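Could you build the full structure based on these sequences and the hints that come with them?
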Amino acid sequence: MSALELSGLQKSFGGLRVTRAVNLCVEPGERRLIIGPNGAGKTTLFNLVTGELRPDAGSIRLFGREIVRVPSRRRAHLGIARTYQIITLFQRESLLHNVMLSLLGLSGLRWNPFRRFDRQAGLIEAGRAALARVGLLGMAERPLSETSYGERRRVEIAMGLAQNPKVLLLDEPFAGLSIEERRDVQGLLGSIPRDVTIVMIEHDMDVALEFAERITVLHFGEVVVEGSRTEVVAHPKTREIYLGE
Amino acid sequence: MNLWLLAANSIAFGGLLFLLSAGFALIFGLMRIPNLTHGSLFMLGAYFGVSLIAWGVGFWPAALIGGVGVAVLGGLIERLLLRRLPGAELAQVLVTLGLSFMIADACLMQWGGDPISIETPAALRGVSRVAGVAFTTYRLGVIVIAVVFATALWAMLEWTRLGAMIRAGVDDPMMARAVGIRVPLLFTVVFCLGSGLAGFAGVIGGPILSVYPGLDQDMLPLALVVVILGGSGSLVGAFVGSFLVGVLYNFGQALLPELAYVVLFLPMLVVLVVRPAGLFGRSSP
Amino acid sequence: MRRLASPGALLLALALLASLPAWIGNSYYVNIASQVLLYAVFALGLNVIVGYAGLVSLGHAGLFGIAAYSGAILINAGHGHFLSIVGALVVTLGAAALFAVLALRGTGLGFVMITVALGQIVWGVAYRWISLTNGDNGVSITSRPAPFGLSLADANPFYWATLVVFLVAVAAIAIFVASPFGASLRGTRDQPRRMNALGYDVWLIRFLAFLFSGLWSGVAGLLFLYYNQFVSPQMVALTASAEVLLMVISGGTATLLGPIAGALLVVVMKNVASAYIERWNFVLGAIFVAIVIFMPDGLVPGSLRLWRWSLRRGRQLLAGPAAMAAVPPGNGNGGGP
Numbered sequence: 001m002s003a004l005e006l007s008g009l010q011k012s013f014g015g016l017r018v019t020r021a022v023n024l025c026v027e028p029g030e031r032r033l034i035i036g037p038n039g040a041g042k043t044t045l046f047n048l049v050t051g052e053l054r055p056d057a058g059s060i061r062l063f064g065r066e067i068v069r070v071p072s073r074r075r076a077h078l079g080i081a082r083t084y085q086i087i088t089l090f091q092r093e094s095l096l097h098n099v100m101l102s103l104l105g106l107s108g109l110r111w112n113p114f115r116r117f118d119r120q121a122g123l124i125e126a127g128r129a130a131l132a133r134v135g136l137l138g139m140a141e142r143p144l145s146e147t148s149y150g151e152r153r154r155v156e157i158a159m160g161l162a163q164n165p166k167v168l169l170l171d172e173p174f175a176g177l178s179i180e181e182r183r184d185v186q187g188l189l190g191s192i193p194r195d196v197t198i199v200m201i202e203h204d205m206d207v208a209l210e211f212a213e214r215i216t217v218l219h220f221g222e223v224v225v226e227g228s229r230t231e232v233v234a235h236p237k238t239r240e241i242y243l244g245e
Numbered sequence: 246m247n248l249w250l251l252a253a254n255s256i257a258f259g260g261l262l263f264l265l266s267a268g269f270a271l272i273f274g275l276m277r278i279p280n281l282t283h284g285s286l287f288m289l290g291a292y293f294g295v296s297l298i299a300w301g302v303g304f305w306p307a308a309l310i311g312g313v314g315v316a317v318l319g320g321l322i323e324r325l326l327l328r329r330l331p332g333a334e335l336a337q338v339l340v341t342l343g344l345s346f347m348i349a350d351a352c353l354m355q356w357g358g359d360p361i362s363i364e365t366p367a368a369l370r371g372v373s374r375v376a377g378v379a380f381t382t383y384r385l386g387v388i389v390i391a392v393v394f395a396t397a398l399w400a401m402l403e404w405t406r407l408g409a410m411i412r413a414g415v416d417d418p419m420m421a422r423a424v425g426i427r428v429p430l431l432f433t434v435v436f437c438l439g440s441g442l443a444g445f446a447g448v449i450g451g452p453i454l455s456v457y458p459g460l461d462q463d464m465l466p467l468a469l470v471v472v473i474l475g476g477s478g479s480l481v482g483a484f485v486g487s488f489l490v491g492v493l494y495n496f497g498q499a500l501l502p503e504l505a506y507v508v509l510f511l512p513m514l515v516v517l518v519v520r521p522a523g524l525f526g527r528s529s530p
Numbered sequence: 531m532r533r534l535a536s537p538g539a540l541l542l543a544l545a546l547l548a549s550l551p552a553w554i555g556n557s558y559y560v561n562i563a564s565q566v567l568l569y570a571v572f573a574l575g576l577n578v579i580v581g582y583a584g585l586v587s588l589g590h591a592g593l594f595g596i597a598a599y600s601g602a603i604l605i606n607a608g609h610g611h612f613l614s615i616v617g618a619l620v621v622t623l624g625a626a627a628l629f630a631v632l633a634l635r636g637t638g639l640g641f642v643m644i645t646v647a648l649g650q651i652v653w654g655v656a657y658r659w660i661s662l663t664n665g666d667n668g669v670s671i672t673s674r675p676a677p678f679g680l681s682l683a684d685a686n687p688f689y690w691a692t693l694v695v696f697l698v699a700v701a702a703i704a705i706f707v708a709s710p711f712g713a714s715l716r717g718t719r720d721q722p723r724r725m726n727a728l729g730y731d732v733w734l735i736r737f738l739a740f741l742f743s744g745l746w747s748g749v750a751g752l753l754f755l756y757y758n759q760f761v762s763p764q765m766v767a768l769t770a771s772a773e774v775l776l777m778v779i780s781g782g783t784a785t786l787l788g789p790i791a792g793a794l795l796v797v798v799m800k801n802v803a804s805a806y807i808e809r810w811n812f813v814l815g816a817i818f819v820a821i822v823i824f825m826p827d828g829l830v831p832g833s834l835r836l837w838r839w840s841l842r843r844g845r846q847l848l849a850g851p852a853a854m855a856a857v858p859p860g861n862g863n864g865g866g867p
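Residue numbers (the working numbering), protein chains in the order written: chain A, 1 to 245; chain B, 246 to 530; chain C, 531 to 867.
Everything labelled a hint here was simulated from the structure, so no lab data went into it.
Heads up, some of the hints might be wrong.
[Stated by the list, open to error] Where chain B lies over chain C, by a calculated footprint (3+ residues, C-beta under 8 Å):
1) 631-641
2) 648-660
3) 775-784
4) 806-814
[Stated by the list, open to error] Stretches of chain A that chain C covers, calculated by requiring three or more beta carbons in the stretch to come under 8 Å of a beta carbon on chain C:
5) 85-91
6) 99-105
7) 109-122
[Claimed, not checked] Which chain C residues stay away from chain A? Per the calculated CB distances, all over 12 Å, these:
8) 686
9) 708
10) 764
11) 817
12) 845
13) 847
Predicted, not measured: the structure shown is a model, and the values here were computed from it.
Each residue gets a CB set at the ideal place from its N, CA and C atoms; glycine is no exception.
As structure tokens, then:
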């Protein structure tokens, strides 16, 4: 049973077909990279998987379970987590608060109007552990607005990992990072255990290629090439898309 | 109640509402500012008209000068206050409401608490017959003025550079800036235009509504309904919305006085619930 | 929510409030204080939606009025005060639920306008459904409740009863804001899309917050009814909704003290300043404009900043010229806060 299976997924905006009959199959524990020129529909694909967009046709199966009809807020509970291309974190709050919100999302505690949120020992401990995992424990109390871009990218990943997802979708996690920051994130991604399946969208070729086991190339909303790293790099279509344009 | 007369009055009122709301629609559509001072600017224009006429200025020049005066004030408000608050919705609400308090009280101080009526201009006095029905000529004149302005505004938006810049700014403010449109200047110009229209409308409305403290609070909610119903940023929407509201409001007051306000706000509520962007608006605010 | 005041300061405030009738002068001012407190409850309730959910409502006077009218109608129908209060609050919660379901169909300005429409419809009904609401003449009640047999007919006992309700409201809202639900609510204000992806039901969170907010508007409405022993359509007009919104914004939406400060500002200006300043409306408007220019976050955050800045300056001046010379350049040398 695959971790994530997309069949015949289609999405149009007005007259524009952004996603055309995409078929994709990711095995549990796999490290999959999705690449493609701008406008290929990569982020739209993520939005379809997380439920922020409704497909016009097709199916999405998470470990065999059909989730196309499941509202997006329930998909987090089923084990899907994602990070965003543009930083969408809680600027006014501390790093720890940000991660605790991520943890709270899956907990029944989120409906509780009586207890003190900032005294929930369980959440605090798990939050600190999540920050430690990305090397930001020292800044737990710092407001997000006072952190660097690279640090915020790591918080994004911490928020994703904190929910112990089965499938983690990373949308351009290396965007805008310095060389050193990229190395940090690379190491971080390498340390994620195999019970988390990772699908990544990226533009930065070198770093992404090091990470990926299988690569899917999207172009104008459909899958044009798919295979192992070496296969895809050598494929004439890939060269055509990236060099011939 | 003569239904034709009611209809005529409604359409005339709609015309007046259009002059008031078009400015609000432009300001909100382009600058995303809920200009809650708009009703007070209408009232201020009307009071300016009262004084100008009392000093011997003719009705039409008074309307124009009143409009210009209010436009200047609008420009000052935009440059000195609103420009410092891009995107700060709550602060914009506070400052525009604060200004409306100040303007309303200043008007009370200057012109007193009694309603003042503006005399119908000599050229449009009396009654005309259209299709066998008697209409006050002035009300017909208001309808004509509204249509003329609607056409002029539409032409400006469709055919002039200024209009193109406004449309670009409404569609995509960031892109407009990136393409080199001088957005701050554009904003000031639009705010002046919108305010001026409101002031002008105030004088035009004088013979029909007269001028009194509280006129601003009576007119502002109507302008809001028009813009919401029609969709913000849409001139066509403001046009259609104005006449719709004019009809609903007047017919409601005449036929169902128990539920007059409900007759007006219930349809608006229904439209909003079904189509939050308004009848002609675009999908996100 | 960081604690603004130490327990000591809170106790002092409590002592001042409890002893107010003793030091404020005459019963006219005690009544003003009661008004401030009841409007503070109204503003605090509205701030749950405006400040913490990020949704601007211009229709809350509708809920305030529904509570007052329901209470008045029930009392005049012969039901005792307790039943009338409970009944009125139940009706208000029902109305709040309806308001919320409709208003949440819109976002941003759409939300605001739907609340305006709802408030205006309530006003229209109050004004025109004369058989129910007596129209413009309003509805009077003849008595105030007498909890545990204590009469609230005089200014002082009524003030203390209002104070108790106010303190309960502050405590309830403070607990709410600091709770996990409160954190979720603030999250939906800042990043609704992300909250959705994290597993939160954004619509339901907002709906429940609206109910909570409506409940306190209803409580304030009942306090108002008992204070005036009268309710009229004026209380439900758009200006009433605008007024309470102004209290919230001018005081500052980010703290609990903000709406209270805003209520104090507006009520004092309306009732006290109006006796001395003829053009108090103008002055109030000017104060609002000044707040936007100098303290755009509101009176409370702005004053806090001013307070901290003057403390820093004071310390520097007290430390003497030698200490000033030791301070690195660019640090407080003629600079601002």
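Hint-by-hint comparison with the structure:
1. 631-641: With 7 residues close enough to chain B, the hint holds.
2. 648-660: As far as the region 648-660 of chain C goes, the hint holds, because 10 residues have Cβ atoms under 8 Å from chain B.
3. 775-784: Contact hint for the region 775-784 of chain C vs chain B: holds, 5 residues under 8 Å.
4. 806-814: holds (count 4)
5. 85-91: Coverage by chain C holds here, the residue count being 4 at a Cβ distance below 8 Å.
6. 99-105: holds (count 5)
7. 109-122: With 11 residues closer than 8 Å to chain C, the region 109-122 of chain A meets the three-residue bar; holds.
8. 686: holds (33 Å)
9. 708: Contrary to the label, residue 708 of chain C does not stay out of reach of chain A, its closest Cβ about 5 Å off (not over 12 Å).
10. 764: Residue 764 of chain C is indeed farther than 12 Å from all Cβ atoms of chain A, at 34 Å.
11. 817: holds (27 Å)
12. 845: holds (24 Å)
13. 847: holds (29 Å)
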